[in-house]
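**Student:** What follows is each chain in one-letter form.
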Amino acid sequence: MTRKKRRVGERLIESGLAVCGLWSILITLSIVGVLLFETVAFFRLPIEATNPEIVSRRADLQRFAEARPDLVGRPLALVREFFTETTWSPLFSNKRFGILPLVAGTVLTSLIALLVAVPIGLLAATYLSEFASARTRARVKPVLEILAGVPTIVYGYFALTFVTPLLQDYVFGQAMAGQNALSAGLVMGVMILPLVASLSEDVMRAVPVDLRHGAYALGATRMEVAVRVVLPAALSGIAAACILALSRAVGETMIVALAAGQTPNWTFNPLETVSTITAFIVQVSLGDTPYGSVEYRTLFAVGMVLFLMTLAMNIVSYRIVRRFQEVYL
Amino acid sequence: MSVVAAVGDDALAARLRRRQHVARLFVASCQAATLFGLLFLAVLLVDVVRAGAPYVRPELVTNFPSRFPDRAGYLSALVGTVYVAGLMAVLTFPVAIAAAVYLVEYAPRGRLSTLLQINIANLAGVPSIIYGLLGLGLFVEFLRMGKSVMAGALTLGLLVLPMAMIASREAIASVPYSMREAAYALGATRWQVIRHHVLPYAMPGILTGTILSLSRAVGETAPLIMLGALQYVPFLPDSVWDFFTVLPIQIFNYVSLPQPEFRRVAAAGIILLLAILLTLNAAAIWLRNRSQVRW
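Just so you know, the protein sequences line up as chains A and B, in that order.
Take the position in the first sequence, starting the count at 1, then add 608; the result is the number in my numbering.
Take the position in the second sequence, starting the count at 1, then add 664; the result is the number in my numbering.
Hints listed in this document are in silico derivations from the structure and should not be mistaken for laboratory results.
Glycine is no exception: its CB is placed at the ideal position from the N, C-alpha and C atoms.
Misleading hints may appear alongside valid ones.
Stated by the list, open to error - Once the Cα atoms are required to be at most 25 Å apart in a straight line, the calculated DMTMM-like pairs of lysine to aspartate or glutamate come out as:
hint	chain 1	residue 1	chain 2	residue 2
1	A	K749	B	E834
2	A	K613	B	E845
3	A	K749	B	D711
To be verified - The following residues of chain B were derived to be distant from chain A, with all beta-carbon distances above 12 Å:
hint	residue
4	A717
5	P718
6	N727
7	F728
8	D734
9	V746
10	G750
11	P840
12	M843
13	R844
14	A846
15	H861
16	Y865
17	W905
18	D906
19	L951
Please construct the entire structure, taking both the sequences and the accompanying hints into account.
**Tutor:** This is how it looks when you write it as structure tokens:
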């Protein structure tokens, strides 16, 4: 009897735990669901605007129809504008929905961050993996990882109040805007630096020591071993780390919102003010956007683009890591 | 080098010297790169402390936000942070631990298990601002919670869930199998084994992981801006359905203001925030060191 009771209890507990385990799937589904639902609603605006009954009821649709009579009844025109045009101004009365300036700002700041993080991170990883003593490594690595734990609002503050004035005073002068892609990108590079350094160090240390001994036996210097043997052997893992770091930079919000600016600019000049997808989302959230308004829906449309960008990078990185792991097993 | 010289090949010796010179330069630049990160951290800390120190005084934590920098404080933000983070911990961590137990102890190895692992890894890589959109669409609008403490706690909870889950999974998986076998041999059921043997041994690791994810949540700004973006919250939340603000958002507000004095108030807030995070991290490290078991 008690054994039977016990068995029922065990079943209950197991199913309770299983529900928690499946919870993560539910989160993923709800992210995709919410983004998809509102994104579709955004691209349906031209269709809704053809229905006089709905338009007369909703001020937002009225404003949309007045601002863009050319889009009414032409959903495909909105799709084309979204992906190909270079003006983004859904918050102004002259509404334009070309996402390219936001993408350009995102790509620009992220690339600057990579230009900082990849060389410095790789050199640091090489030092920690190949040259540093075990004691130095044990002390330096955690301190380096603190960089990744500093809240991004702190980096944003630092980029805006320290890095930008420094660059303005000593390097670029007035050519540099008070909010610019360069400062934001540089500081973001430091934020993702530990990601590159730490992950790369892990894969470099996983390279079998026999390979190094082989190179030493041929008379290679320590640098030649590090650069010509270890680095190529660890390359796929390093690539995965860099893609992951890029994905982090693309999704980073507070640094760019504070230091890069909030002016969607179709430019690749790092000294100018730009806006990124994430900075735009923050900008809209700071105002009061009523549910269902055009501005509210653009949030989710650009959020969907951001989600797909980072998802693609995460999947690629994950794939590379998986393939890499098989090499030395 | 000397061996080669003894052989008498001067060209080879010269080339070797050059190679070794380049190697030394390379090692030095590797050291410099490592030092760069540490130096950056030091400059950042010195700059923040220098700017914020004059404003670190009791009023900083006892005053509400204000239009006057001398009177501006972080009381509502501090209380809001404690409310939101505390509620989040209560709502999220049991789920995260339960999910980790399921993944390690119950889930059949196979497609479902792989799918769950990949999904959790992917969730951990979703930008935090996307969780803000989810919170806005799901909790604030669809479930009609408003921009409340509850909506904020749930949003942050979804954000740190994958992280807490991964940490708990590692801790549980590191308990050796012989522990379980010994308990099974005495006739314990699976849940009894988990409850009385696996979980107690995994607990320090689980706690370390959850404290670290808690500190991540405390420092997070972006998703909460979408829910608690009120510029000015001069009151304390009475219930979980009230408006709120948190420390990072209040700092963001102060940085965004044009007057330079507010930058200093923001710096003082950053000192406060970093002090809290440092305490949490120190607690996690202390816990890990105190109870590190070598199997």
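**Student:** Does each hint fit the structure? Answer for all of them.
**Tutor:** Evaluation of the provided hints:
no.	hint	result
1	K749(A) - E834(B)	21 Å, holds
2	K613(A) - E845(B)	23 Å, holds
3	K749(A) - D711(B)	23 Å, holds
4	A717	15 Å, holds
5	P718	15 Å, holds
6	N727	20 Å, holds
7	F728	20 Å, holds
8	D734	19 Å, holds
9	V746	16 Å, holds
10	G750	18 Å, holds
11	P840	21 Å, holds
12	M843	19 Å, holds
13	R844	15 Å, holds
14	A846	19 Å, holds
15	H861	15 Å, holds
16	Y865	18 Å, holds
17	W905	18 Å, holds
18	D906	18 Å, holds
19	L951	15 Å, holds
Violated hints: none; the structure is consistent with every hint.
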